[in-house]
Amino acid sequence: MELLKAIAENLTSVKEKSPLIHHITNYVTVNDCANMVLALGGSPVMADDIEEVQQMVSFAGALVINIGTLNQRTIESMIAAGKKANELGIPVILDPVGVGATDLRTKTADRLLKEVKMSVIRGNMSEIKILSGLNVEIKGVDSAADDTDGREIAVGLSKRLNCAVAITGAVDIIAEGDKVCLISNGDKILSKVTGTGCMSTSLIGTYAGASKDYFTAAVAGVMTMGLAGELAFKSLESEDGIGTFKVRLFDEIYKMNEEKLISGGKLLF
Amino acid sequence: MELLKAIAENLTSVKEKSPLIHHITNYVTVNDCANMVLALGGSPVMADDIEEVQQMVSFAGALVINIGTLNQRTIESMIAAGKKANELGIPVILDPVGVGATDLRTKTADRLLKEVKMSVIRGNMSEIKILSGLNVEIKGVDSAADDTDGREIAVGLSKRLNCAVAITGAVDIIAEGDKVCLISNGDKILSKVTGTGCMSTSLIGTYAGASKDYFTAAVAGVMTMGLAGELAFKSLESEDGIGTFKVRLFDEIYKMNEEKLISGGKLLF
Amino acid sequence: MELLKAIAENLTSVKEKSPLIHHITNYVTVNDCANMVLALGGSPVMADDIEEVQQMVSFAGALVINIGTLNQRTIESMIAAGKKANELGIPVILDPVGVGATDLRTKTADRLLKEVKMSVIRGNMSEIKILSGLNVEIKGVDSAADDTDGREIAVGLSKRLNCAVAITGAVDIIAEGDKVCLISNGDKILSKVTGTGCMSTSLIGTYAGASKDYFTAAVAGVMTMGLAGELAFKSLESEDGIGTFKVRLFDEIYKMNEEKLISGGKLLF
Numbered sequence: 002m003e004l005l006k007a008i009a010e011n012l013t014s015v016k017e018k019s020p021l022i023h024h025i026t027n028y029v030t031v032n033d034c035a036n037m038v039l040a041l042g043g044s045p046v047m048a049d050d051i052e053e054v055q056q057m058v059s060f061a062g063a064l065v066i067n068i069g070t071l072n073q074r075t076i077e078s079m080i081a082a083g084k085k086a087n088e089l090g091i092p093v094i095l096d097p098v099g100v101g102a103t104d105l106r107t108k109t110a111d112r113l114l115k116e117v118k119m120s121v122i123r124g125n126m127s128e129i130k131i132l133s134g135l136n137v138e139i140k141g142v143d144s145a146a147d148d149t150d151g152r153e154i155a156v157g158l159s160k161r162l163n164c165a166v167a168i169t170g171a172v173d174i175i176a177e178g179d180k181v182c183l184i185s186n187g188d189k190i191l192s193k194v195t196g197t198g199c200m201s202t203s204l205i206g207t208y209a210g211a212s213k214d215y216f217t218a219a220v221a222g223v224m225t226m227g228l229a230g231e232l233a234f235k236s237l238e239s240e241d242g243i244g245t246f247k248v249r250l251f252d253e254i255y256k257m258n259e260e261k262l263i264s265g266g267k268l269l270f
Numbered sequence: 002m003e004l005l006k007a008i009a010e011n012l013t014s015v016k017e018k019s020p021l022i023h024h025i026t027n028y029v030t031v032n033d034c035a036n037m038v039l040a041l042g043g044s045p046v047m048a049d050d051i052e053e054v055q056q057m058v059s060f061a062g063a064l065v066i067n068i069g070t071l072n073q074r075t076i077e078s079m080i081a082a083g084k085k086a087n088e089l090g091i092p093v094i095l096d097p098v099g100v101g102a103t104d105l106r107t108k109t110a111d112r113l114l115k116e117v118k119m120s121v122i123r124g125n126m127s128e129i130k131i132l133s134g135l136n137v138e139i140k141g142v143d144s145a146a147d148d149t150d151g152r153e154i155a156v157g158l159s160k161r162l163n164c165a166v167a168i169t170g171a172v173d174i175i176a177e178g179d180k181v182c183l184i185s186n187g188d189k190i191l192s193k194v195t196g197t198g199c200m201s202t203s204l205i206g207t208y209a210g211a212s213k214d215y216f217t218a219a220v221a222g223v224m225t226m227g228l229a230g231e232l233a234f235k236s237l238e239s240e241d242g243i244g245t246f247k248v249r250l251f252d253e254i255y256k257m258n259e260e261k262l263i264s265g266g267k268l269l270f
Numbered sequence: 002m003e004l005l006k007a008i009a010e011n012l013t014s015v016k017e018k019s020p021l022i023h024h025i026t027n028y029v030t031v032n033d034c035a036n037m038v039l040a041l042g043g044s045p046v047m048a049d050d051i052e053e054v055q056q057m058v059s060f061a062g063a064l065v066i067n068i069g070t071l072n073q074r075t076i077e078s079m080i081a082a083g084k085k086a087n088e089l090g091i092p093v094i095l096d097p098v099g100v101g102a103t104d105l106r107t108k109t110a111d112r113l114l115k116e117v118k119m120s121v122i123r124g125n126m127s128e129i130k131i132l133s134g135l136n137v138e139i140k141g142v143d144s145a146a147d148d149t150d151g152r153e154i155a156v157g158l159s160k161r162l163n164c165a166v167a168i169t170g171a172v173d174i175i176a177e178g179d180k181v182c183l184i185s186n187g188d189k190i191l192s193k194v195t196g197t198g199c200m201s202t203s204l205i206g207t208y209a210g211a212s213k214d215y216f217t218a219a220v221a222g223v224m225t226m227g228l229a230g231e232l233a234f235k236s237l238e239s240e241d242g243i244g245t246f247k248v249r250l251f252d253e254i255y256k257m258n259e260e261k262l263i264s265g266g267k268l269l270f
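First to last, the sequence lines map onto chains A, B and C.
Heads up: the first sequence begins at 2 in the numbering used here, then just goes up one per residue.
Heads up: the second sequence begins at 2 in the numbering used here, then just goes up one per residue.
Heads up: the third sequence begins at 2 in the numbering used here, then just goes up one per residue.
For the record, the hints were derived by calculation from the structure and aren't laboratory data.
Treat the hints with caution; some may be incorrect.
The list cannot tell twin chains apart, which means a pair is met if one copy fits it or any two copies do.
[As the list claims (entries may be wrong)] Computed list of lysine-lysine pairs in DSS-like fashion (alpha-carbon distance at most 30 Å, straight line):
{"hint": "1", "residue 1": "Lys108", "residue 2": "Lys267"}
{"hint": "2", "residue 1": "Lys193", "residue 2": "Lys85"}
{"hint": "3", "residue 1": "Lys160", "residue 2": "Lys267"}
{"hint": "4", "residue 1": "Lys193", "residue 2": "Lys160"}
Small disclaimer: the values here were computed from a predicted structure and weren't measured.
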């Protein structure tokens with residue numbers, strides 16, 4: 002209940018402060034990520050040229066780095082922006098999309114983790130395992146893994162990197178050091194819309210831009226997406242499909258409020 | 002009434018001619034901009050490689066340059082396409098997204114204004130002030146300014162650059178030389194969808210591609226977005242949110258017609 | 002009826018295998034393409050850096066190459082990924098967006114066809130004529146041509162390149178060698194949403210990722226889009242427009258099943 006209350010307060014804080022969330026992200030889901038930030042109450046900005054990212058991030062409440070369509074030009078921008086954010090005490094949120102699928106993604110994630118201190122990392126089980134140095138069979142950018150030792154993995158990575166770690170899946174796991182919570186909100190239809198993972202990361206970034214408690218921000222971002230997904234799914238009628246679901250998902254994020262989070266949030270410890 | 006009639010005729014002309022609107026634009030809102038052009042009756046094309054932009058723009062009714070996610074590669078393409086458009090007498094519409102937020106954006110906008118003759122510039126108050134050489138505090142790409150001397154600023158910039166200038170906000174201001182009009186259409190929910198500014202610019206480009214009167218095109222583009230926003234907002238029910246609003250916004254642009262513009266357009270002089 | 006049955010079985014196979022569809026595509030319609038692949042039952046991945054495309058494609062069921070916003074960096078990635086796919090026997094689907102509009106597009110398409118063996122090419126009549134070495138007046142990336150000799154053109158290109166060729170338009174033509182079929186599904190409103198061509202190509206890629214019969218995959222992809230467009234259009238009410246239509250289009254792809262394809266597919270030979 003303490004945590005649910007903190008999450009609710011974090012939402013109010015987002016709406017009051019409207020933090021600027023600088024993204025260096027992929028071109029597949031970027032529009033949805035921007036609209037998610039706005040729907041929650043933040044202000045998105047996307048900028049990826051090496052000549053401007055350090056200056057842009059200096060105005061930001063948080064920096065979201067998403068490697069979904071990384072390239073050699075933008076990798077350097079991610080590093081430069083991340084370092085600048087570290088210098089200024091601005092939280093950096095990493096979405097290691099598809100890490101493990103290619104050497105470029107794995108090397109880039111490793112380099113990012115070496116050169117930039119992250120505040121939160123959010124990925125699916127496969128991605129978090131790869132970052133943890135575990136073996137996992139990867140196919141593209143979607144998770145193949147389904148594990149019971151996720152709690153241990155999240156705690157381990159969190160301790161090693163000294164940041165919050167969120168593993169999203171049927172049950173989400175968020176850890177920061179020995180602090181762990183599980184979230185059972187969500188609906189499997191969320192996996193049928195591209196970028197709900199990216200969007201969760203952007204929500205975490207938005208929450209982190211309005212609070213210094215990044216564990217709460219991580220839980221809040223993941224729970225908000227899961228709860229909105231549930232509510233959106235419930236609102237569907239039999240003739241509706243994934244197009245309508247996606248529209249309603251944005252409706253529900255936009256209408257999210259303290260009461261809904263407190264009454265609908267499903268936390269397990 | 003003269004102006005409203007000219008706007009309505011410009012719309013009919015768009016639907017008859019279906020002008021090709023070449024965009025060099027950002028990857029955040031590009032899909033929405035393309036769909037806006039189509040919904041109004043134009044034909045969008047996006048192409049940004051330096052090897053093809055001059056050839057592509059030569060078929061176009063108008064060129065839209067939007068610096069929302071500029072990079073060093075695309076900046077050169079913007080310049081090259083803009084110069085070619087000037088040579089051929091094709092109108093160029095500039096959206097100086099986030100100018101003032103970073104030196105790269107400010108330098109790029111300055112360079113564009115030096116090397117390319119614009120027909121219309123559309124920005125928020127902060128952006129237009131920066132282009133006017135005025136001081137303004139910038140945070141990211143959304144407007145922080147709220148001014149009463151907007152009319153003077155728009156006229157000043159218009160005279161200096163010899164082009165139409167549109168400042169969009171709660172009340173929109175469009176100037177071309179000493180000709181000024183204000184538009185009070187719109188709803189504040191428009192600011193909760195990413196890219197409604199970019200989309201307005203694309204609508205201006207589409208109108209400009211079907212008429213040689215760029216002042217009317219600027220007023221028409223801004224008014225069409227504002228009026229569609231109003232109508233879309235009115236159609237919402239209590240359980241709807243920003244996702245449904247965005248869908249309806251496209252519906253309303255698609256259904257826009259002469260009658261709606263004439264009866265719904267709110268012009269002030 | 003044989004073909005309709007094969008199409009229906011191909012859909013079931015997509016849903017069972019959920020093939021990974023690697024795209025190197027444009028930034029205008031990429032999100033819609035990813036969501037189309039997911040809606041049909043596949044798994045999309047977008048990756049375009051030269052350092053990773055060969056590795057990424059090696060996990061894929063099919064590779065979709067779409068030149069809609071090609072640039073000099075991504076052209077090399079298209080070639081490299083295409084060659085690797087050929088080596089591994091993975092089908093490559095080409096969408097030659099806007100070929101003929103600029104020399105860069107024409108040269109790139111020529112190079113792709115020389116260096117990469119395609120399994121399916123999908124374009125509008127203008128684009129397929131250009132690839133066939135015929136003269137055609139091009140304006141941007143949308144088709145200007147409307148022909149009666151499409152059947153002959155499709156067969157000719159198919160034989161020359163030894164691949165399936167799909168020409169989409171009011172009536173769609175699909176050929177592989179002397180095998181030809183026409184599809185009369187679809188509604189003209191589809192041309193009012195940007196990227197329905199790109200999305201058809203992504204659907205073809207998804208079908209091809211789950212079957213070795215690429216002619217059937219090409220027919221299936223085109224028919225699925227046409228039929229979904231018809232059903233989506235029928236579901237509209239008088240106040241709906243293009244925004245609602247697009248949402249329903251995704252709904253209908255998501256709800257597509259064997260029965261609908263068999264009862265609704267309109268094949269002509």
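Verification of the hints:
no.: 1; hint: Lys108 x Lys267; in the structure: neither (36 Å within a copy, 50 Å between copies)
no.: 2; hint: Lys193 x Lys85; in the structure: between (36 Å within a copy, 29 Å between copies)
no.: 3; hint: Lys160 x Lys267; in the structure: within (25 Å within a copy, 59 Å between copies)
no.: 4; hint: Lys193 x Lys160; in the structure: neither (32 Å within a copy, 38 Å between copies)
Checked against the numbered hints listed earlier, the structure breaks hints 1 and 4; every other hint is satisfied.
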